[in-house]
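Enquirer: Listed here are the chains, written in short residue letters.
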Amino acid sequence: EAAVTQSPRNKVAVTGGKVTLSCNQTNNHNNMYWYRQDTGHGLRLIHYSYGAGSTEKGDIPDGYKASRPSQENFSLILELATPSQTSVYFCASGGGGDAETLYFGSGTRLTVL
Amino acid sequence: GDQVEQSPSALSLHEGTDSALRCNFTTTMRSVQWFRQNSRGSLISLFYLASGTKENGRLKSAFDSKERRYSTLHIRDAQLEDSGTYFCAAEETGKLTFGDGTVLTVKP
Numbered sequence: 001e002a003a004v005t006q007s008p009r010n011k012v013a014v015t016g017g018k019v020t021l022s023c024n025q026t027n028n029h030n031n032m033y034w035y036r037q038d039t040g041h042g043l044r045l046i047h048y049s050y051g052a053g054s055t056e057k058g059d060i061p062d063g064y065k066a067s068r069p070s071q072e073n074f075s076l077i078l079e080l081a082t083p084s085q086t087s088v089y090f091c092a093s094g095g096g097g098d099a100e101t102l103y104f105g106s107g108t109r110l111t112v113l
Numbered sequence: 001g002d003q004v005e006q007s008p009s010a011l012s013l014h015e016g017t018d019s020a021l022r023c024n025f026t027t028t029m030r031s032v033q034w035f036r037q038n039s040r041g042s043l044i045s046l047f048y049l050a051s052g053t054k055e056n057g058r059l060k061s062a063f064d065s066k067e068r069r070y071s072t073l074h075i076r077d078a079q080l081e082d083s084g085t086y087f088c089a090a091e092e093t094g095k096l097t098f099g100d101g102t103v104l105t106v107k108p
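Protein chains in written order, with this note's numbering: chain A, 1 to 113; chain B, 1 to 108.
Worth flagging that the hints you see were computed from the coordinates, not collected in a lab.
Backbone N, C-alpha and C define an ideal beta-carbon position, used for all residues, glycine too.
Just so you know, not all the hints are guaranteed correct.
[Stated by the list, open to error] Straight-line distance between alpha carbons at most 16 Å, and here's what the computed EDC-like set of lysine to aspartate or glutamate pairs gives:
1. 95(B) / 59(A)
2. 95(B) / 100(A)
3. 54(B) / 64(B)
[To be verified] Which residues of chain B face chain A? A partial, calculated answer using Cβ under 10 Å:
4. 4
5. 27
6. 31
7. 41
8. 44
9. 67
10. 89
11. 95
12. 99
Build the full structure now, drawing on both the sequences and the hints.
Expert: Set out below in structure tokens:
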């Protein structure tokens, strides 16, 4: 069974502070993704990666950076957190190509005060 | 999202009944996935389809192979544990776009 682990599970940050959300996958998947989910809505893509060293902008990248230092790890960085970034963040991994079933982590609930 | 329209937004079923959820796409999509999100927020992949139909137990999904502009998820003999929010997500150019979900409540 594919395993995607996010940390922390919950985070409270102050406006203007730096926040780093971490994601680790043990499935040797090439592709990894960061989404945010706001109440009553589906997931929106922030950044994604095709492999170590690569990061690509998703649909809502403003205010976020991403880092993929290795096949296993993909981080989402908020350099200057704002209250509008309060949300639940999900990381996912996928094998790519025709078998691109996504496996999601359990989510990180971020509150920016 | 604007490209992926899910309906209905909410659905209430009695145990043992059947129903269907639908996703319409504003453009031709290469593939579609269906997910269920439970009350704890966990997202579980139900189906990945590049064409045709797939079935797993009481769930069956179809992706319009001709125009690739819609997909359906059929639930047969609904059970209490089927309750949750169902999302479809479609892929056009390597990125998945999610619909806003269908909140399904199954009642005794």
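Enquirer: So which of those numbered hints doesn't the model satisfy?
Expert: 5 and 9
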